[in-house]
Amino acid sequence: MRLPPILVYVLRRLAIGLVVLFGISAVAFSMAYLLPSDPVTSRYPDITNEQRAEMRRQMGLDQPLVVQYARYMESVFRGEFGRSFGTGNSVVQDLAQRIPATLELASFGIAFGVLVGIPLGLVAAVRRGKPTDHLVRVVNIAIQSVPAFWLGVVLIFLLYFQWRLVPSPIGRLSPMFISPPPVTGFLTIDALLAGKPDIAFAALRQLMLPALVLGLGVVSPLARITRSAMGESLGEDYVTFGRALGLRPRQVVLGDAFRGALVPIVTTLGFVVANVLAGAAIVETVFAWPGIGRYAVTAITTSDMAPVSTCILLIASSVAVTNLIVDLSYALIDPRIRHEYAR
Amino acid sequence: MGEKLFEIQNLSIDTRRGGVTRRIVENMNLAVERGQIYGLVGESGSGKSISMMASVGLAAPGLLVRSGEVGFGGRRLPASDQKGLRGNLSHGVSLLFQNAKGALSPFLTTGRQVERVLAQRKVPKPARPKEITELFRLVGLNFADLGEKYPHQISGGQAQRVAMACAMASNPALLIADEPTTALDVTTERELLRFLTRICRERDMAIVLIAHNLSLVSEYCSGLSIMHAGQVVEEGALRSIFATPLHPYTKGLIAAVPDVDEPHELVPLEGSVWGGRNDIVRCRFSHRCPHVRARCEAGLPPAIARGGHQVHCVLYEGEAA
Ligand SMILES: Nc1ncnc2c1ncn2[C@@H]1O[C@H](COP(=O)(O)OP(=O)(O)O)[C@@H](O)[C@H]1O
Ligand code: SF4
Ligand SMILES: [Mg+2]
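Residue numbers (this note's numbering), protein chains in the order written: chain A, 1 to 343; chain B, 1001 to 1321.
Note that these hints are calculated values from the structure, not bench results. No experiment lies behind these values; they were computed from the predicted model shown. All C-beta atoms, glycine included, are put in the ideal place defined by N, C-alpha and C. Any given hint might turn out to be false.
Unchecked claim - As a list, the in silico EDC-like pairs of lysine to aspartate or glutamate whose alpha-carbon atoms are at most 20 Å apart:
1. Lys1101(B) with Glu340(A)
2. Lys1101(B) with Asp133(A)
3. Lys1101(B) with Glu1033(B)
4. Lys1149(B) with Glu232(A)
5. Lys1101(B) with Asp1145(B)
6. Lys1122(B) with Asp1145(B)
7. Lys1130(B) with Asp1145(B)
8. Lys1004(B) with Glu1033(B)
9. Lys1083(B) with Glu1007(B)
10. Lys1101(B) with Glu232(A)
11. Lys1101(B) with Glu1202(B)
12. Lys1004(B) with Asp1014(B)
13. Lys1101(B) with Asp334(A)
14. Lys130(A) with Asp62(A)
15. Lys1130(B) with Glu1148(B)
16. Lys1101(B) with Glu74(A)
17. Lys1101(B) with Glu1069(B)
18. Lys1149(B) with Asp334(A)
19. Lys1004(B) with Glu1202(B)
20. Lys1004(B) with Asp1204(B)
21. Lys1004(B) with Glu1069(B)
Unchecked claim - Here are some of the chain A residues that sit facing chain B, going by a computed Cβ distance under 8 Å:
22. Gly88
23. Glu236
24. Phe241
25. Leu245
Claimed, not checked - Far from chain B by the CB rule (all over 10 Å, computed), these chain A residues:
26. Val114
27. Val138
28. Val146
29. Leu151
30. Tyr238
31. Gly242
32. Arg243
33. Ile282
Isolated chain A (complex conformation) (with noise of 0.2 Å):
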């Protein structure tokens, strides 16, 4: 039996995805024991040394590093993450709450970032050297120059505190009203589903802020890499035979040009989501978010060590993820690569 070649592709990336995954696992449960802090130390900071070997010997933590790595590994393997001494639940339960705040958080965020930053390099590509590209790249120096976690104190204090235009950054969804049945796990879309646009309109109220925050971070490198790219695609032969045919400066710009440059765009796509995932920990802590970013700096600070290990390899698995949907995209976006692709 033959599978189709880009099939092929696909598994053996999986394959070697897997391979760097079972690498990770190593890493962060060596990271989750190396924290400085001992878990039963910084829960029980009032019991006795008997007491406290006990419960070490009981939790598993005398037996050497590989044993413990071994006996963690294969309860990974049955599905078994663990149970966070913090909230008491399995830490599959736990994320399984808080990755759709997260995801929601994210795709809002990483929305906002795209609409703003790719139009953003566009425009500035085609206004090379006009007063809009100086404007642009002044906009983006702005941008990144403002750490995430200031500018998420300064807007909650000037859009909450000072005129009241967004409510209190508490979350998701403020008390007063009934969270929609689950389905997407998003609660924009689920109110929506439900029937209830008046919640789907407080929920995206308390999202956008968080998201404006978090998107921000990539409309910078987003903006920078389309204007290079676009200026770059713009000088191609075939964005000058496209014009000369008379094509509409529309089909030309945004249909070869931007499809020429939407490779590079892509990668740094690929890229800032992995940031995104390192600042929504920052943003869900400033605006009380229940995502996993905010459960994993808890589980840190707290030496909860089963959650954080799961969380560094949930965040890995999606990096990985990403860079996979990022590797096949290029076969989408060119015709080139596919053709290399299936070889």
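Knowing the structure of chain A, use the given hints to seat chain B with the ligands on it.
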């Protein structure tokens, strides 16, 4: 004399880089008749591409079109109105480039590329497949073989033919072909040019054939302009120029054409790059010319009609035609 189709008058183009302005096309004139194959020859860097691109509104950003007028059909526009000139594209003017593989969009099948030119011309969808097949046949390709292929899957010669099909899809009266065969091997080159000239006769289409190969042009063209360092030095009927070349530069070129069948390219000679200042208007051949005199550097050399053509050189001043 046929009906005049395309005319460039007084075209001057500057570039500015690092605060230095250079004139790269100076006072250029060109006139092409309906259905005529016209050669534009000059060594590499003499301003052939730039002047023709500017004449259709595709001057590269950063180039400064200082003066000139372009007439096409009945329409005359100042050369500085690049946007207006672009209006001629797909309304009678088409182009071909040297690098055909790079000129085709890498993202579309060859058939799609031709189709979108037809769409631009508002050919209704149901009528397009037949017209595409027609156009492929016109340029000697089989749509069934190549129509679904991408540019990277076909040869350079095939790509140039697809580019031709795209160019022909708007049914142009003028085709500006900028060294369309330079990237191809000699056999493919001949094939393509024979082919181009046949289409030209069948469709009464004029061609401006840009080349740096004089023997090639001499085979196909009836009119000729010779450029040197941004100036046209001699222009008019090809036969007249070959019979009695007047400009010292042209004389050198024609003497150097050994045999029609042997491709001969104009390689930039030593000292060919224009190194003079741009605010001094003069014959730009003077630093290479054996007949140079004071008058040559005192202004633009006069245009003097002689036989079936014109020469720009002070040597012929005062002589009656
Ligand atoms: N985009 C540009 N900006 C500035 N100068 C250019 C540009 N393109 C070409 N030139 C210069 O203009 C001159 C003429 O170029 P070109 O018309 O391409 O020559 P040809 O087609 O005769 O080989 C050359 O000296 C070249 O360096
Ligand atoms: S104008 Fe003078 S320098 Fe120029 S070609 Fe004629 S004789 Fe030579
Ligand atoms: Mg050229």
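Each hint, compared with the structure:
1. Lys1101(B) with Glu340(A): 18 Å, holds
2. Lys1101(B) with Asp133(A): 31 Å, violated
3. Lys1101(B) with Glu1033(B): The given pair, whose Cα atoms are some 30 Å apart, is violated under the 20 Å limit.
4. Lys1149(B) with Glu232(A): Roughly 25 Å separates the two Cα atoms, so the pair is violated.
5. Lys1101(B) with Asp1145(B): 17 Å, holds
6. Lys1122(B) with Asp1145(B): Roughly 26 Å separates the two Cα atoms, so the pair is violated.
7. Lys1130(B) with Asp1145(B): It holds: about 15 Å lies between the C-alpha atoms, which stays within 20 Å.
8. Lys1004(B) with Glu1033(B): Measuring from Cα to Cα gives roughly 4 Å; hence the hint holds.
9. Lys1083(B) with Glu1007(B): 18 Å, holds
10. Lys1101(B) with Glu232(A): Holds, at roughly 17 Å.
11. Lys1101(B) with Glu1202(B): 26 Å, violated
12. Lys1004(B) with Asp1014(B): The hint is violated at about 28 Å.
13. Lys1101(B) with Asp334(A): Given that 20 Å is the threshold and the Cα spacing comes to 15 Å, the pair holds.
14. Lys130(A) with Asp62(A): Given that 20 Å is the threshold and the Cα spacing comes to 67 Å, the pair is violated.
15. Lys1130(B) with Glu1148(B): 15 Å, holds
16. Lys1101(B) with Glu74(A): 56 Å, violated
17. Lys1101(B) with Glu1069(B): Distance of about 32 Å is beyond 20 Å: violated.
18. Lys1149(B) with Asp334(A): 13 Å, holds
19. Lys1004(B) with Glu1202(B): 19 Å, holds
20. Lys1004(B) with Asp1204(B): 13 Å, holds
21. Lys1004(B) with Glu1069(B): The given pair, whose Cα atoms are some 15 Å apart, holds under the 20 Å limit.
22. Gly88: 55 Å, violated
23. Glu236: Holds - the Cβ of glutamate 236(A) comes within 8 Å of chain B, reaching about 7 Å at its closest.
24. Phe241: 4 Å, holds
25. Leu245: 5 Å, holds
26. Val114: 21 Å, holds
27. Val138: 22 Å, holds
28. Val146: Fine: 33 Å to the nearest Cβ keeps valine 146(A) off the interface.
29. Leu151: 36 Å, holds
30. Tyr238: Per Cβ check, tyrosine 238(A) is inside 10 Å of chain B; nearest 5 Å; violated.
31. Gly242: 7 Å, violated
32. Arg243: Check fails; 6 Å does not lie beyond 10 Å.
33. Ile282: 39 Å, holds
Violated hints for the displayed structure, listed by number in ascending order: 2, 3, 4, 6, 11, 12, 14, 16, 17, 22, 30, 31, 32.
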